[in-house]
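Visitor: Listed below are the residues making up each chain.
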Amino acid sequence: MFSKEVTILNATGLHARPASMFVQEAGKYKSEINVIKDGKKINAKSIMGIMAGGISKDTVVTVEADGEDEEQAVNALVELIESKFGEE
Amino acid sequence: MKGIGASPGIAIAKAFVIKHEEIKVNTDKIDDIQNELDRLADALEKSKDQLKKIHEQAVIELGDEEARIFAAHLMVLDDPEYVGQIQEAIKNQSISADNGIKQITDMFVGIFESMDDEYMKERAADIKDVGGRLIRNSLGIKDQDLGAINEDSIIIAYDLTPSDTATMNKQKVLGFATDIGGRTSHTAIMARSLEIPAVLGLKNVTHDTKDGDIVIVDGIDGVVVVNPDEKTMDEYLTKKSEYEAFVKELAQLKDLPAVTLDGHEVELVGNIGTPKDVEGVLRNGGTGVGLYRTEFLYMDSDKMPDEEKQFKAYKEVLESMDGHPVIIRTLDIGGDKKLPYLQLDEEMNPFLGLRAVRLCFVEKNLFKTQLRAILRAGVYGNAHIMFPMISNVTEVKQAKAILEECKEELRNENISFDENIKVGIMVEIPSAAVTADIIASEVDFFSIGTNDLCQYALAVDRMNETVSYLYQPLTPAILRLVKMVIDASHDVEGKFTGMCGELAGDPRAALILLGLGLDEFSMSASSVPQIKKIIRSVNFKDAQEIAKKALGLSTEEEVLAMVGEELEKLDIKLI
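Chains as they are written, first to last, in the numbering used here: chain A, 1 to 88; chain B, 1001 to 1575.
Incorrect hints may appear among the rest.
Quick list of in silico lysine-lysine cross-link-like pairs, DSBU-like style, CA-CA up to 35 Å [what the hints assert, rightly or not]: (1) B:LYS1128 to A:LYS37; (2) B:LYS1029 to A:LYS40; (3) A:LYS30 to B:LYS1368; (4) B:LYS1368 to A:LYS84; (5) A:LYS30 to B:LYS1052; (6) A:LYS28 to B:LYS1091; (7) A:LYS28 to B:LYS1128; (8) B:LYS1121 to A:LYS41; (9) A:LYS28 to B:LYS1053; (10) B:LYS1046 to A:LYS41.
Covered stretches of chain A, as calculated for chain B (at least 3 residues, CB under 8 Å) [as the list claims (entries may be wrong)]: (11) 10 to 18; (12) 45 to 53.
Keep in mind that the hints were calculated from the coordinates and are not lab data.
Beta carbons: idealized from backbone N, C-alpha and C, even for Gly.
Between the sequences and the hints, there should be enough to build the whole structure, so can you do that?
Guide: Following this line, the structure appears as structure tokens:
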């Protein structure tokens, strides 16, 4: 199990296009990946879960992964969030 | 029956009624849970197969863009959370597969619908569509096969889903009539893209119509007639052939110039809000863009669009207009239009306050970013800059000085731009109209914004129902202002006057505006063919006489009556 805490920086939050970018990235890894918001676990590979999660700008979430590529997965997803999904 | 005409034309055919009957799920406790999980898996498989076929068909018939929605539907069926929660519900609550699908679908639909976000609300509609399909498959309920429609039909439905419109046999579907929906609904958009008439929002059409009834759909006036008598039928057959002749005639005008019988030519151009709108302008034979409203670039964004983003949008429009003039209006914000990321103070009279170019003078960096983007894009076509809400010549000079600053900066940065870009103003404040002769030497063109000009000159808020009757764009007061502006521009060599308010696309105004000497008419693209037809059927010198007559009348009522007679004399029918 590997995890990191990260703050959502882009204006739209994990909505719409950023949500699908995030889910697509998560889908590349074998590990089980969750986003934890306010103690609630959301499956990072589920577009509906992520979009329904209401994860808006300035929310602090934990990205955690469990599996053979857990470290790469968490790092890649945190990096994506920190890159603001290409928004400025 | 009266509804909303969402796509023009008249169709007469037999009714094909789509019944989406109320589906009852089995709410009993279930013992054999494994059986329910298998049913769920079967329903998922079947639904995916159907959607894959629909997707393929949609790609061929509607294109990738329209088909993308079905790829999104497929994603829902593959979503671990959605499917996982349905499985959990079946196991933990010992319920049927259909019941589990319904509960979890309703839950997600509820979450998405409650979000204050248009994008999310659309996703709710998608999930509902997919969930409904999944439940029907789990219960073995067959969809009506709309692909099997084999005689000319009018589709009667509560509402049409994307799945319905994608699968139907479009060769045989001549029109739509639905209980709900408006001009921007999926059904309306589909009808217009298929170019078939549609009347929506009829409330009870599915109830009042049976399969095989003869139905008339009049998308022009928003009327549906079921089982018409002989007299009504004859009336509509006549109206139908008249409309078809009219459309055919307008289509033939597309590539012809807007020139009067005696050889006076004007430009008919389009108003646009985004690069996507250019297609409509070209399709309707518009020879340029007379008003590119740049507000959408700012409003559809959650932050100030940077120079690069604006440059790309302007360049795209200029390139697709292929050398035809494109008048780009600088930011017209304030008044009733606000930006989420730009804090503006509340004003007592926002329409008389800090808006448009006045705001740009205060937010100079914002203004310069836009001017730089337009100047740079100018290299890729025939760009004109237009400043809105100018009230006097000093403001014109001030705006031009800032434009010169931007040019100087670009020169120093070695960035290529259009040195000789044309500059004009929007004439919408009466003081600018009255002093057009003073302003004319400072600009290359005027464009009259009739909506605001009327509001300011007549001191009337047309959204206020108690005074909106005073909003009369053809009243002699406005016509005189219009004439002053046109005359002022023609007194100086090489200048022109356009009009980009609603009046420019109003067939009742066309003869007068032509006669007053208006050089360029800018309107919503769909009005271009009709105005062109009017211009091509008249002599310029007769239009001049009509304009003169109009200026001598006392009220808008008299002007309208006079124009009505003249149009009749010319045998021009308006639809």
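Visitor: Determine for every hint whether it applies to the structure shown.
Guide: These are the hints, each one checked on the structure:
Of the pairs offered as hints, the one joining B:LYS1128 and A:LYS37 holds, with about 26 Å between alpha carbons and a cut-off of 35 Å not exceeded. With a C-alpha separation of about 29 Å, the suggested pairing of B:LYS1029 with A:LYS40 holds against the 35 Å cut-off. For a cut-off of 35 Å, the pair hint linking A:LYS30 to B:LYS1368 is broken: about 50 Å separates their Cα positions. Restraint check for B:LYS1368 and A:LYS84: satisfied, since their Cα atoms lie roughly 26 Å apart, inside the 35 Å limit.
Proposed proximity of A:LYS30 and B:LYS1052 is supported: the alpha carbons are some 26 Å apart, at most 35 Å. Simply put, A:LYS28 and B:LYS1091 have alpha-carbon atoms about 29 Å apart, close enough for the 35 Å limit, and the pair holds. In summary, the hint linking A:LYS28 to B:LYS1128 is supported, as the alpha carbons are separated by about 28 Å, within the 35 Å threshold. The hinted pair formed by B:LYS1121 and A:LYS41 meets the criterion: a straight-line CA distance of about 24 Å does not exceed 35 Å.
Annotation: proposed proximity of A:LYS28 to B:LYS1053 holds, straight-line Cα distance about 27 Å (limit 35 Å). A C-alpha spacing of about 31 Å is found between B:LYS1046 and A:LYS41, which places the hinted pair at or below 35 Å, so the restraint holds. Check on the stretch 10 to 18 of chain A: 4 of its residues sit with their Cβ under 8 Å from a Cβ of chain B, so the three-residue criterion for coverage holds. A count of 7 residues in the stretch 45 to 53 of chain A with a Cβ less than 8 Å from any Cβ of chain B is obtained; the coverage claim is therefore met, three being the minimum.
When held up to the earlier numbered hints, the structure conflicts with hint 3 and nothing else.
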